[in-house]
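Asker: One-letter residues, chain by chain:
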Amino acid sequence: MQEYVLMLVGTALVNNVVLVKFLGLCPTMGTSGKVETALGMGMATTFVMTLSSVLAWAIESALLAPFELGFLRTLTFILVIAAVVQFTEMVVRRVSQPLYQALGIFLPLITTNCAVLGVALLNVQEGHGFIQSLLYGFGSAFGFSLILIVLAGLRERVALADVPAPFAGAPISFVIAGLLSLAFMGFAGISTR
Amino acid sequence: MLTAVGSLTVLGITLGTLLGIAAKYLAVQGDALEAELEGLLPGSNCGQCGFAGCKAAAAALAAGNAQVTLCPPGGRAVAATLAAKMGHAFDAGGTAEAEPLVAFVHEGRCIGCSRCIQKCSSDGIVGAPKQIHTVLSDACHGCGKCVSECPTEGIEMMPIPVTLATWHWHKPAPQAIDTRAKAEA
Chain A
1 MQEYVLMLVG TALVNNVVLV KFLGLCPTMG TSGKVETALG MGMATTFVMT LSSVLAWAIE
61 SALLAPFELG FLRTLTFILV IAAVVQFTEM VVRRVSQPLY QALGIFLPLI TTNCAVLGVA
121 LLNVQEGHGF IQSLLYGFGS AFGFSLILIV LAGLRERVAL ADVPAPFAGA PISFVIAGLL
181 SLAFMGFAGI STR
Chain B
1 MLTAVGSLTV LGITLGTLLG IAAKYLAVQG DALEAELEGL LPGSNCGQCG FAGCKAAAAA
61 LAAGNAQVTL CPPGGRAVAA TLAAKMGHAF DAGGTAEAEP LVAFVHEGRC IGCSRCIQKC
121 SSDGIVGAPK QIHTVLSDAC HGCGKCVSEC PTEGIEMMPI PVTLATWHWH KPAPQAIDTR
181 AKAEA
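Heads up: the protein sequence lines correspond to chains A and B, in order.
Numbered according to the working numbering, the first sequence spans residues 1 to 193.
Numbered according to the working numbering, the second sequence spans residues 1 to 185.
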């Protein structure tokens, strides 16, 4: 039990996909303008990442490992992720039309979110089992959503601040992301204990 | 190699089938009224109504956020068909019938900048850079986007010029019919 809790904390905070591994920066910057869209994107990505890492584990252990088809790993994982994203898009469109409009192009682009593929490949690399893959995927996605929402909250406040003209817009957002990354380096101390 | 090809094929077919089934169960039921109203609008997405195109205008109309008289290029005819579809009583007397206008290029002022061509939503302006442009009045749907784009104020909205092809008998005015009916009574 303790091992699983540690794994969740480790993936969400200590080895955060965005701020420590620098994966999935594009949607992080793209959809963190407002807290509502960040929340929606976080939930969609959480669903995709958790499901796709479990499915990737299933395919790896049932198909790729027994038949020695390791060279097809990237291709099949992308295929699975694309299918899950398509499914998510249908669900979001059915459930909430405003959210579908707000997420726009970033919803289908979850397919090319390197964090999703990265988590699936890291699962294989580290030889995780079913529960471990599930937790690893969910923890990473939780960390991703957390950063998205924290960044969106910060950017909403910065939007009201008097930012010098050369820094206004994207540059100040990247400065904020950099400072957040520095702050998250503090969590690295947890893992050594 | 066969296992590789076979496994990918099976995987693709399985995922495709599952997505197909999911698409059937999760299909968005588009608003039927909205689609019909969109069909009645001109469809040129000129934006004169203040909405982002005819689809958005139809959505606003269906939701009750807009009047049936929202479409300036459509004029009274479109307003009447929209009112019939919506089941509203439509008082034609309340709306001033705007004469259909088309854009006209004053050639003396045209400098051939071709900005109006890029703005035209119906490809109704012919011309090339540094050549005088002209408007094909058959293709022009009167959105007026080019008027504000012209740097020399050389485009004006004008009533369609009367030619042998466009002339028609005047429609009987409502008042004239009323007086005749009164006279008979």
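For the record, the hints were derived by calculation from the structure and aren't laboratory data.
Predicted model, so just to flag it, every value in this text is computed and none were measured.
Virtual Cβ for every residue (Gly too), placed ideally from N, Cα, C.
Certain hints may be false.
[As the list claims (entries may be wrong)] From the derived model, a few chain A residues whose C-beta atoms are all more than 12 Å from chain B:
1) Gln2
2) Leu8
3) Leu13
4) Lys34
5) Thr37
6) Leu64
7) Pro66
8) Glu68
9) Ala82
10) Arg93
11) Gln97
12) Phe106
13) Leu154
14) Phe174
15) Leu179
16) Leu180
[Stated by the list, open to error] Listed next, with one range per pair, are the computed distances between beta-carbon atoms:
17) B:Thr3 with A:Phe167: 50 to 60 Å
18) A:Pro108 with B:Thr163: 33 to 43 Å
19) B:Pro129 with A:Gln97: 51 to 61 Å
Asker: Please write out, lowest number first, the hints stated earlier that are contradicted by the structure.
Answerer: The structure conflicts with hints 6, 7, 8, 9, 10, 11, 18 and 19, although it agrees with all the remaining ones.
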